[in-house]
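**Student:** Go ahead and model the full structure; you've got the sequences and the hints to work with.
Taken in sequence, the protein lines are chains F and H.
Residue numbers are given in the numbering used here: position 261 of the first sequence equals residue 261, and the series is strictly consecutive.
Count along the second sequence starting at 1, add 322, and that's the number in the numbering used here.
Hints listed in this document are in silico derivations from the structure and should not be mistaken for laboratory results.
Keep in mind that a hint or two might mislead.
To be verified - Here are the computed distance ranges between Cβ atoms for each label pair:
1) H:Pro428 with F:Gly89: 54 to 60 Å
2) F:His21 with H:Asp361: 43 to 49 Å
3) H:Arg449 with F:Val91: 33 to 39 Å
4) H:Gly538 with F:Val91: 43 to 49 Å
5) F:Glu150 with H:Pro428: 23 to 29 Å
6) F:Arg102 with H:Arg619: 29 to 35 Å
We treat Cβ as the ideally placed atom computed from N, Cα and C, and that holds for glycine.
There are 2 protein chains.
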Amino acid sequence: MVVGLDLGGTKLLGVALDPGHQGSEAVVEGKVATPTGTDEVLEAIAGLVADLRQRAHEATGRDVRAVGLGAPGLVDRAGTFRYGPNLPGVVGVPLAAELGERSGLPVVVDNDATCAAWGEHERGAARGRNHSLVITLGTGIGGGMTVKGEPLRGAYGFAGEPGHMVVDPTGPECPCGRRGCWERYASGTGLGWLAREAVRTGQAPSDTDFVARAGGDLAAVRGEHVVAAARAGDGDAGAVLDTFGDWLGLGVANLVNVLDSEIVVVGGGVSEAADLFLDRARQRVREMALGGERRPRVPLVAAKLGEQAGAVGAALLAALRT
Amino acid sequence: MVVGLDLGGTKLLGVALDPGHQGSEAVVEGKVATPTGTDEVLEAIAGLVADLRQRAHEATGRDVRAVGLGAPGLVDRAGTFRYGPNLPGVVGVPLAAELGERSGLPVVVDNDATCAAWGEHERGAARGRNHSLVITLGTGIGGGMTVKGEPLRGAYGFAGEPGHMVVDPTGPECPCGRRGCWERYASGTGLGWLAREAVRTGQAPSDTDFVARAGGDLAAVRGEHVVAAARAGDGDAGAVLDTFGDWLGLGVANLVNVLDSEIVVVGGGVSEAADLFLDRARQRVREMALGGERRPRVPLVAAKLGEQAGAVGAALLAALRT
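**Tutor:** Take a look at the structure:
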C-alpha cells in the first residue's frame with residue numbers, strides 16, 4: 001500500500017491505495033483543513049499519514065510502504081518546497097526529509113499539478129497516452145506533462161508552470177509580479193475577472209444575473225456566480241464563458257505548439273463546469289495549433305479523477321520512485 | 323561517415339562528418355540555392371548528397387552510411403513533410419522515403435530547429451546539459467528541446483514551435499493566421515517590425531540612422547539596418563534592440579516556466595548580433611521566471627555552431643537513429 005496526499009492552500013486531502021491494482025479506487029481517504037505555519041503544516045501531514053496508514057491496515061491487513069505528497073509550488077528534486085504563492089510562510093522547507101523523519105517511511109514530494117497529471121495518466125483521462133498534458137484550473141493554473149510515458153520534471157523538478165506563461169504583457173497584474181499571465185484569464189480567478197470586465201466595458205449590464213447572484217456587488221462576482229448564471233440559461237454569463245473558452249484554447253494551443261501533446265486533460269475545480277466552455281476551447285485549439293488540419297486533432301477532455309487526482313498521483317509517484 | 327543537410331527557404335546546406343569524432347568539424351561541406359517545386363527540391367537534395375558522399379570518400383577513404391535532413395516545418399515521425407510556411411508548394415511530401423529511394427541510404431528527416439538543437443546539444447553550447455532549449459532566430463523562431471539528454475519530438479514529431487506561442491492576442495498579424503505570435507517580435511522579421519513601430523509611434527524620429535540606412539524608406543527597414551546602426555553607436559537603434567531583448571526574454575521565461583530548462587541557447591542568423599540584446603534578455607528572464615531568485619539561474623547563451631548547426635545536428639540524428 002502507498003499513501004498519497006495533496007496539500008492545498010485550504011485543505012489537505014489524502015488517500016491510501018494499492019499501486020498494483022488498476023482501478024483508481026482509494027482504499028481509504030481523509031481530509032483536514034490546511035493550518036497556518038510550517039510546523040503546523042508538517043504536523044497535519046504527519047497526522048493524516050498516520051491516520052490513513054492505520055485505517056488502510058485495518059481495511060486490508062497490509063502495511064503502507066511509502067508516502068507521496070503534492071505541494072502547490074516549486075518543489076526541487078530533493079523534495080524541498082522552494083516557493084509557492086498559496087502557502088505563504090512556507091519557503092525553503094525540506095518536506096521530504098521532515099516527513100520521512102516523522103513517519104519513518106520513504107517520502108516523495110513533487111508539484112501538486114505534476115502529481116495530478118500523473119494520476120490522470122495512470123488512472124484517468126490520459127491513460128495509455130505517452131505524451132500528455134494535464135492542466136488544473138483552480139485559483140491559478142497548474143500543469144503536468146508526460147514525455148514517453150514518464151513524468152516531465154525538467155532540470156530541477158520545476159517543469160509545468162504554464163499558468164505563468166505571459167499571454168498579454170499589458171494585461172492585468174498577477175500576484176507573481178508580471179502582467180497578463182495565462183492564469184489571469186483561464187483559471188477560476190480569471191473567470192471572475194472576465195465577468196467583472198464584461199460589466200465594466202459595457203458588454204453586460206450592471207444588473208445582469210451573475211452580478212445579482214453576487215448580492216448586486218460587482219466586486220464580489222466570482223467564477224461560481226458566472227457558472228450558476230450560465231446553468232440557469234443567462235446569455236451574458238454564456239458570453240463570458242465563451243471568452244473564457246477562447247483564453248483556455250489560446251493557452252492550450254501555445255502549449256501544444258511547443259510540446260506536441262497527444263491529449264490535453266483539463267482538471268481542477270473549474271473543470272466541473274467543463275461542459276460550459278470546453279467545446280469553445282476545442283474550436284480555438286483547432287484554429288490555433290500550427291498546421292491546423294494538417295496535423296492530427298488533439299483531444300481536449302475533462303479530467304476523470306476529480307478532487308482525488310493529486311493525491312492518487314502522489315501515491316503512484318511514490319510507488320514509482322521508491 | 324554520415325551526411326547532414328539543412329533545407330532552408332533560400333539555401334540548402336550540407337556536411338559530411340564522422341559521428342564518432344567529438345569535435346564539430348565537418349569533413350566536407352556544400353551549399354546550393356533552394357529551387358522551387360517539390361521535384362526540384364528533391365533533385366537538389368539528392369545531388370548534394372551524392373556530391374558530399376563522393377568528396378567525403380575522397381577525403382577519408384570511408385563511405386557514408388546514413389543521411390539526415392532538417393526541413394523547415396512540421397515533419398512527422400515517418401519523415402513526411404506536412405507543412406511549412408517557408409516552403410510553399412511542398413506539402414505532404416514523404417521526404418525520407420523519396421530520398422531513401424534516390425540515394426539508396428537510410429534517411430532520417432526531422433524539423434530543422436530540432437536538428438539545430440541536437441547539433442548544439444551534441445557539439446555546441448548545450449553540450450553535457452540534459453534539459454536544454456535551443457531557439458533559432460531567423461525569419462521566424464524555431465525551437466528544439468532535449469529531455470533527459472534525448473531530443474523531445476512529441477506525440478507526432480511536431481514538438482518545438484515556440485515561435486507560434488501567442489504573446490499578445492491583439493498584436494500584429496502573423497502569416498500563420500493568428501495575431502501576436504512570439505516570432506512577430508523576437509525574430510529577425512520582428513526586429514525590423516519593432517524598429518518601424520518605434521518610428522510610427524514617435525519613439526524614434528523619421529530620419530533616424532536605421533531609416534537612413536534603408537534608403538530613407540521606413541517600409542524598407544529590416545533587422546540588419548537596426549543592427550548596423552546600433553553597432554555604429556546610434557541610440558534609437560539601441561533602444562529598439564532593448565525592446566527586442568525584452569520580447570526575447572519574455573518568451574524564454576514563458577518556456578522556462580513550462581519546461582524548466584537547464585540552459586537556453588540562442589541560434590539562427592540574428593544570434594550573430596547577440597552581444598547587442600542578450601544581456602537585456604537575461605535580465606528579463608531572471609525577472610520573469612517563476613520563483614525568481616529562489617530557483618537556479620538559467621544561462622541564456624549564444625549558439626556555437628553558427629549556420630552549420632542544423633546540418634551537423636541532422637547528421638548526428640541520422641547516426642543516432644540508424
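**Student:** Determine for every hint whether it applies to the structure shown.
**Tutor:** Here's how the hints hold up against the structure:
Our hint of 54 to 60 Å for proline 428 of chain H and glycine 89 of chain F holds, since their Cβ atoms are close to 58 Å apart. For histidine 21 of chain F paired with aspartate 361 of chain H, a C-beta distance near 57 Å fails the hint of 43 to 49 Å. For arginine 449 of chain H and valine 91 of chain F, the Cβ-Cβ distance of about 34 Å falls inside the hinted range of 33 to 39 Å, so the restraint holds. Here the CB-CB span from glycine 538 of chain H to valine 91 of chain F is close to 56 Å, at odds with the stated 43 to 49 Å.
Between glutamate 150 of chain F and proline 428 of chain H the CB atoms are about 28 Å apart, so this pair conforms to the stated range of 23 to 29 Å. Distance hint check for arginine 102 of chain F and arginine 619 of chain H: the Cβ-Cβ separation is about 33 Å, which falls inside the suggested range of 29 to 35 Å.
Violated hints, listed in ascending order, are 2, 4; each of the other numbered hints is respected by the structure.
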